[in-house]
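Note that the protein sequences, when read in sequence, are chains A and L.
The first sequence begins at 1 in the numbering used here and counts up one residue at a time.
The second sequence begins at 1001 in the numbering used here and counts up one residue at a time.
Calculated from the structure, these hints are not laboratory results.
Every residue, glycine too, gets a C-beta built ideally from N, C-alpha and C.
Any given hint could be a false lead.
[Stated by the list, open to error] So these bits of chain L aren't anywhere near chain A, every CB distance computed over 10 Å:
#	residue
1	Glu1366
2	Leu1401
3	Ala1437
4	Pro1669
5	Thr1728
6	Glu1730
[What the hints assert, rightly or not] Partner residues aside, some chain L positions facing chain A, computed with beta carbon under 10 Å:
#	residue
7	Phe1157
8	Thr1255
9	Met1666
10	Pro1729
[What the hints assert, rightly or not] Computed far set for chain A versus chain L, every beta-carbon distance over 10 Å:
#	residue
11	Thr185
12	Gly187
13	Pro189
14	Glu190
15	Asp204
16	Gly221
17	His228
18	Asp232
19	Val249
20	Gly263
Okay, here's what each chain looks like letter by letter:
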Amino acid sequence: MTRFDYVRPSTVAEAVGLLEAHGDDALAIAGGTATVLLLQKRMLRPELVVDLGGLPGLTGVEQNGGGLRIGALTPIRAIERDAIVRGTHHLLAEAASQVAGVRVRNAATVGGSVCFGEPQTDLPPALLAMNATATIAGSQGSRDVPLEEFFLGPYETAREQGEVLTHLSVPTPVPGSGGCHVKFTMGSPENKPVANVSALVTVDASTRALADVRIVMGAVGGVPMLAHKANDTLKGERPSDALIAQAAVRASEEADPVEDLRGSVWYKRRIIKVLVERALRCAIERAN
Amino acid sequence: MYLADMDMPGMAHAKVLRSPFPHARIVSIDASAARALPGVVCVLTRDEVLADSTIDPYYGYVYRDVPIVAIDKVRHEGDIVAVVVAEDEETAEDALELIDVEYDELASVMDIDAAMAKGAIQVHEVFKPIAPELRPVEGTNICHHSTLAKGDIEQGFREADHIFEDSYSAPAVQHCALELHGCIASVGDDEITVWTNCQSPFPLRGELQRMFNKPARVIVPYVGGGFGSKSRDRLEAVVVAAAKLAGRPVRLLLTQEETFQTFIRPALTCTVRTGVKSDGTIVARHHRFAVDVGAYSISGARSANNTLKVATGPYRIPHVLVECDAVYTNKPPSAPYRGLPTTQHTMAYETQLDRIANELGLDPIELRMKNLLVEGDVHVTGDLLRSVHAKDCLEKVSSSLGPQLKGEAVASNGTIRGRGFSCSIKYTITPSEPTLATEAGVELQEDGLFEIRIGTVNMGQGVDTMAAAIGAEAVGVPIESVRILHSDTALVPQDHGTTASRATFHTGNAVLDAGTKLRAELLSTASDLLEEDEVRLELSAAGVAVAGSSGRSVSFVDIARHRGGSLLAKGECWVGGVYTDESGKEYPIASTFWTFGSVGAEVEVSRETGEIRVLRIAAAANVGKAVNPEQTKAQLEGGVTFDLGPSLFERLVWGDGGQLMTTTLMDYPLPTLHTMPEFHVDLLEFPYDQGPYGANGVGEMGGVMVPAAIINAVYDATGVLFHEVPLTPETVLAGLEATGA
């Protein structure tokens, strides 16, 4: 670790001011489960660490209009265990429960998980499948960014250096919806995923057709990816084994994995196909 | 207390500058800016080492090929170039960045094939063998070539009805002990003191004394796991040299990434050619293997050589030829890894045996039963085998798993099940060089308790419990009456090291010898004091009493007082020597004991993802006598668990530039609770007459059979026989698709 100054601001405005003033020399940390490792390895060398952990009002889940408002500092473990999330936003709780190990989930925050922009993690695909919006505070006020526009590349997001993510708004799925998050790891399920898939589907009560489908693939591209062709294949159709298999093949073709220690391009596409099938079957069953 | 918890008055902290290249000549090192940084005590480079005429800059017991810090060139990524000593670790890290090293990059050899290729660049231009058995091949990277033969291999193949040949490979992995490597050194005018988490304090002491020309004391606190990674030193001489230069105690603690760059299990390739009769009788086996010892052969060449003895397995084979090459590469140095290459040999010969069984239409278990060694057989080394019972072990694991539920019958959601077995034989180091005997002391002390002094290192495997049980039993007092003193070269008698399943046999025997002698002394002294014949005396926790109801007794405190305050007995365990066969031919005893065992695995394979779940493992070994049955079972379970990782997913990966890619445990998966199978462990207790109370060494036995059993189980499930580990999901799925299984 290199030497740095440390400050724990007590208001969002103060945090924003510090981050803006110090620019690239400042590092914002929340749970620290990813950033502290990088500090230890000297891969990050900030002059100032701005610890967001003391900001008031950014922790917890509350119902807000047609959805949930999740404070950025809410621990991932709290999302996993929250009764409201588990009820109306089950997909999110399920994804949260699959992030690393319980010790990491106790420390890591929802906002940190999103702002770190790591492709191999579980919450971003689920938030994207659920059509979440990020609210980011800056010196000029707050702005809302749909998650579809939030992730720009590996470890790169729409949050500017002088901004702080304050909360995420996640709409409540319409009746008849079901979601499922699945991941595949080598070795322990606590390991980083070879690939993961979040699927949210809405089944029309009268026609049994899929009124809406949002399949998101993780770890097979620089950002979590909506499987557009697979989603289009399914929308408006009544699900069958053949159709699910076809959608899974399309998704695996859309995926854009790179070869790394967790697998070759060929293998990751195969895993995406399996995961899309599993997530779809599970989500459709839950929708029914 | 573990090493990282220890603090010494005036202690400074060291950090290591490591080579970014796998192979390069060092043109220049400029550490002046680092030395000028406030808080830096000193910087150790080749200049300081070479300027000190009292230091031999090279160390190694087998090959003297490891410099304290790189002198002419660096030979692996992470090789030690310089050491900064500072008031704190952060300052030392800051100073590392201020050292300017100019490298002249050289071509590198990152695997066995590249290193053995004609015209390959040499990792060491000059060989420096120490051990007499080493046979380097000049002008190559082969630092040791050796063979072991029995019978006439060509004749054997002529007698065979069928000949099978297969090649196998296993990559480098790391031991991943929970406690990382570390060392504290203090160099006084008259003595070097080292606190380190090494497994072999006495050989280390000798080597430090030789290198620094000064008496040394090595103290080993509790060690958080070793598995062989700490059986040979890499850091101690570095920290001693740094402490000498600093003039104060210095501590070095490695990170996980540095540990991966310090000692690894070597990669291995082998080719097995086996001749069998149509009824399954094995008549000939030619086993060729090459071990990637890495950049320095600290013990790699000897480890490879030792496994010649077991490369053909626990089978009666009349015609045998084993050939071994130990090869330098530009990977980190290799260390023994629980079981050594016995594990990879077993993987090769046991999976080939299942192929033979399949192709000859024989049952794999019956094929093994037909060929397994039995009591009184002569091993390929010439050793007469006793306390074998290999067949009993195989029968045990087979019955533990119960009736076979075959393949598709239990399949659901695209998974298939299968079952596989393996058998093995493990040796121990014989003779235990450089110290031939293992010694122990048992002392009655002035407080009436008994102190047992052993050189063995406690790294969680239960040696203290073992020594206490044997010592108490030998003296004839309850286990509560003993205390243990271990692994401080100034306070305990010497031992070769806590490796190779040695401790219970060697240290146990030495404690038994000492305890028996002390008991005799106690009885003799009590006999004088009580004026009674020894045969009428009995020992208890309190002292020695006259049998019967007289109530006459003398306490241990009084016996100690009578003998001047304490009473010490020394014990020894000598190993080695020769075995003479009926014709009068002499063979050096290749192993003081041989351990036999068997493992059965039941696995579930996903056709969708290739993922393997190991559902159940049955393990059995002939342990001779389980000194502590629960700990002995745990040794077998621990061994199995240890080798699940390299069987399923562990492997170290280097990129094209020779840089390690798997630098953290995020990229190097380890077994977790999720990986755990259901265990069925059986201890067979057929006493071995040379062992303490009949006990045999068993520490490495659980793991060595695991990769073979899993590969065979996958073969049973899918019909695809893999020739490599780890069986990652991708490897398995690719294998299934390639064969259309």
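Status of the hints after comparison with the structure:
1. Glu1366: L/Glu1366 clear of chain A: closest Cβ-Cβ about 35 Å, beyond 10 Å.
2. Leu1401: 24 Å, holds
3. Ala1437: Its Cβ never comes within 10 Å of chain A, the nearest being 44 Å, so this holds.
4. Pro1669: 3 Å, violated
5. Thr1728: It is violated; L/Thr1728 is separated from chain A by about 6 Å at its closest Cβ, not greater than 10 Å.
6. Glu1730: 4 Å, violated
7. Phe1157: Because about 40 Å separates L/Phe1157 from the closest Cβ in chain A, which is outside the 10 Å limit, the hint is violated.
8. Thr1255: 8 Å, holds
9. Met1666: Hint on L/Met1666: holds, closest Cβ of chain A at ~6 Å, below 10 Å.
10. Pro1729: 6 Å, holds
11. Thr185: Check fails; 8 Å does not lie beyond 10 Å.
12. Gly187: For A/Gly187, whose nearest Cβ neighbour in chain L is about 3 Å away, the distance does not exceed 10 Å, so it is violated.
13. Pro189: 6 Å, violated
14. Glu190: 7 Å, violated
15. Asp204: Answer for A/Asp204: holds, closest chain L Cβ roughly 28 Å.
16. Gly221: Holds, since 19 Å exceeds 10 Å.
17. His228: 24 Å, holds
18. Asp232: Check passes; 25 Å lies beyond 10 Å.
19. Val249: The assertion about A/Val249 holds, with a minimum of 14 Å to chain L.
20. Gly263: A/Gly263 is in fact no farther than 10 Å from some Cβ atom of chain L, at 5 Å.
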